[in-house]
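Mind docking chain B on chain A? Use the hints.
Number of protein chains: 2
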Amino acid sequence: MSSRMSSNLKYLFYPRSVAIIGASRTPGKIGYEILRNIIGFGFEGKIYPVNPNATEIMGLKVYPNVLDIPDEVDLAVISVPARIVPKVLNDCGLKGVKVVVIISSGFSEVGNVEAEHKLVEIARKYGMRILGPNVFGVLYTPSKLNATFGPMKVLKGYIAFISQSGALGIALMGWTFLERIGLSSVVSVGNKADIEDSDLLEFFMNDKNSRVILIYMEGLKNGKRFIEVAREVSKVKPIIVLKAGRSERGALAAASHTGSLAGSDEIYSAAFRQVGVLRAKSIQEAFDWARTMVSQPPPLNENVVVITNGGGAGVIAADACAEYNLNLMDLPEDLAAKFREYMPPFGSTRNPVDLTGEATEEAYGDSVKVALEDSRVGAILVLYCHTAISDPGMIARSIARSFIEARAPKPLVVSFIGGVECYEGLKLLNDLGVPAYPSPDRAAAALGAYYRWARYAGIVKK
Amino acid sequence: MSSRMSSNLKYLFYPRSVAIIGASRTPGKIGYEILRNIIGFGFEGKIYPVNPNATEIMGLKVYPNVLDIPDEVDLAVISVPARIVPKVLNDCGLKGVKVVVIISSGFSEVGNVEAEHKLVEIARKYGMRILGPNVFGVLYTPSKLNATFGPMKVLKGYIAFISQSGALGIALMGWTFLERIGLSSVVSVGNKADIEDSDLLEFFMNDKNSRVILIYMEGLKNGKRFIEVAREVSKVKPIIVLKAGRSERGALAAASHTGSLAGSDEIYSAAFRQVGVLRAKSIQEAFDWARTMVSQPPPLNENVVVITNGGGAGVIAADACAEYNLNLMDLPEDLAAKFREYMPPFGSTRNPVDLTGEATEEAYGDSVKVALEDSRVGAILVLYCHTAISDPGMIARSIARSFIEARAPKPLVVSFIGGVECYEGLKLLNDLGVPAYPSPDRAAAALGAYYRWARYAGIVKK
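Protein sequences appear in the order of chains A and B. FYI, the numbering for the first sequence is 488 to 949, going by my numbering. FYI, the numbering for the second sequence is 488 to 949, going by my numbering.
Hints were generated in silico from the structure; no laboratory data involved. Computed from a predicted structure; not experimentally measured. Treat each hint with caution, since some may be false.
Pairs involving identical chains hold if they fit within one copy or between any two copies, as the list cannot separate such chains.
As the list claims (entries may be wrong) - Below 25 Å or equal to it, Euclidean Cα-Cα: the simulated SDA-like pairs (lysine to any residue) are:
hint, residue 1, residue 2
1, Lys516, Gly880
2, Lys914, Gln771
3, Lys516, Met830
4, Lys640, Val597
5, Lys548, Gly532
Pulled out of the complex, with its shape left as it was, chain A reads as follows (with noise of 0.2 Å):
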């Protein structure tokens, strides 16, 4: 691959000017969808909507042709009829598009395999990029560029995800937003026919608006390539991959959906593991743990702290420990003493620390505030269960200005179980940059995957 042509994916994330061709005046046409979430999200740059039947769409001048744009085109949305593409393509590339986003479905995906030959063969002649066909388009907070016909509204945030499922990605684009959990980047990937997932692993490894890479995949293209980017971006940030077709019935529907391969599930697994990629098991799993990871330093150590006010989920905690690797630390005498000051009599300095349920939100701040001050505890969990003497929201700040205060030294992750108030709780702490779940165990998990990755790149020893 030529250096222009690598150079070039960087306009898919920071073009100057978008044509969106295929652009339509009727709601509810992928064509009125995109140009109406690139508008509506904040794009400062150039704009042209592409349509030989229309003067003026939402207030902006329509030009007939790509080639009729008086100005250079970065970028370019294809939403046109998939026997229309390559005549397109070409104009595109004549007109010196760099990247373009081929929306339009109709090949490899229904078996047109020789048409997505064709296309890829128009892009290299002009040295362009293509993303698709087959896609939702791409999204990049940074830029406030949203060319998806998806959900406008996306939480900016540092979670890069690449989906290869068009209505799973789009439908997830909208419950980040309902689970607050932020976004860099949703890339559709499609039929992958030229900019496949190892590209954009290179362009998010070098991306400081991207601290995770989370990726919804079902199969690859090319196995060899992705494992040896994955292996150099995965000392650098973690990449968090949902691999479906793990059994044979669904690599059947894979095949049948994506026309992927998915191929034995156990190499997958193998060789995602000596490159350090971290295989999620579920949606919910995979954003569990990039929520920890982007918002969180790294593990300082091994030795992990739990603080609880109820036994019962200490005990849950501690089981999920053991299941995600975590090692609790055996308290020092004077850690442990300096932890009985929050804590009545009949309290535990056993880790998991157990303030009872006479804790107040001072006993959590002042006891979070402990962990965090001292150097030899390498991340901490902290655990509430509601009870009737203290407020889940006055427990939620104090947990995290004792954070912000210690200025974030090492992983904090909270669970709060209880609920509306809880609920608001767990929003709270959200917000303000403190992973927090619904029950111990999938805080302990996030926690856990998150020292999975720092033990690869060598951020804590094995």
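The following block gives chain B in isolation, referenced to the frame of chain A:
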């Protein structure tokens, strides 16, 4: 155990009168919270506060001693300091109280084993049953009885929840309300000096208001009896156990929490499996399973059909079905032909049945109807990814209507993936009695657990 003692257990759930010994006028005190909950939750029997230093609390006449109450007392809730408990308990015995809930702590959980034995001796002398000591109380929605110091509001439903942990049990009461999960009962078993899980299993087995029994367990006092009882109960209704203390560290934490000897985890697992007890690994999983079991009829046969509008969600579901031993049936041609009427030509009748992103609410309603009406289909899993052209609320209504019109002949579980509109759709489905989850794997796991139980109970063939 005498039959009188055994029959007295029913007064824990169906008392005609309740005495609250240690009732208090001070908000925040346990003796206040329990009285407030009993009154506020609408208990229709007689309520007798007992406190030698008060004459009226919350508008009710207060008695100095339980013996002064001019009426029979079926249930007494004791919340007084540990050292006074034996005297008060003896008074209860003299009064002819049937069941006593001893809230007070300070017994075997802090090493005070002798004092606890003494309580049992007193109770035995009078044929009384004891719940506790060291509990947060009992709740039974059919009797409008909330004799706990947990939250006052709980949704009525069919899950009987037994908790060995206090703080966790209280926190989960609030959580079930948030998650719109209905409960028939919450029983805090605490130190299990007398009433233990097995007694409660026997009661709930014959309780038409309870369809599933869900236990948070750290340890058992009499494992052999539990297994014998569970074997019989499991034939009638599912038992789900979240057994904590799985790991060495978790077992240590359990020992310091409830004094439970967790025992070898493998032994628990093997014994549970043998007698049909379903072991959940997390709180979420346990309640996910229960939600499906209480609302859905058992599977008709081993053939599961998955209906989706997104290939990716279908692949994830197919993987989950394999993991949870659900058999995706190969559709007979006549059935496939019926589904084809509700999808475009590029849809798929390879199970998962893919209606494609073009699926409307009618397509969902009609295809679910086809699966409901065909007796070769044993259970249905419906997936929906939010798309721009469909409204999750309308999809939810359409699915629920088909289910209700077909008179719920087989289990239907649903997953919606997307933003806030999907969240509202999930709530609507759950409120209408169709279990709905935010991810395909959770829906599949719930159905998988139901099948595991149905195979044990001989409802579907293994």
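Results for each hint:
In this assembly of identical chains, Lys516 and Gly880 lie within 25 Å of each other by CA distance solely across copies; the values are 21 Å between and 44 Å within a copy. Taking CA atoms no more than 25 Å apart as the test, Lys914 paired with Gln771 passes in both settings, with 16 Å inside one copy and 18 Å between copies. Proximity of Lys516 to Met830 under the C-alpha cut-off of 25 Å is restricted to the inter-copy arrangement: shortest distance 19 Å between copies versus 61 Å within a copy. Within a single copy, Lys640 and Val597 get their C-alpha atoms no closer than 31 Å, and across copies no closer than 54 Å, so neither meets the 25 Å cut-off.
When the C-alpha separation of Lys548 and Gly532 is checked against a cutoff of 25 Å, the pair qualifies only within one copy, where the shortest distance is 15 Å, while the shortest distance between copies is 76 Å.
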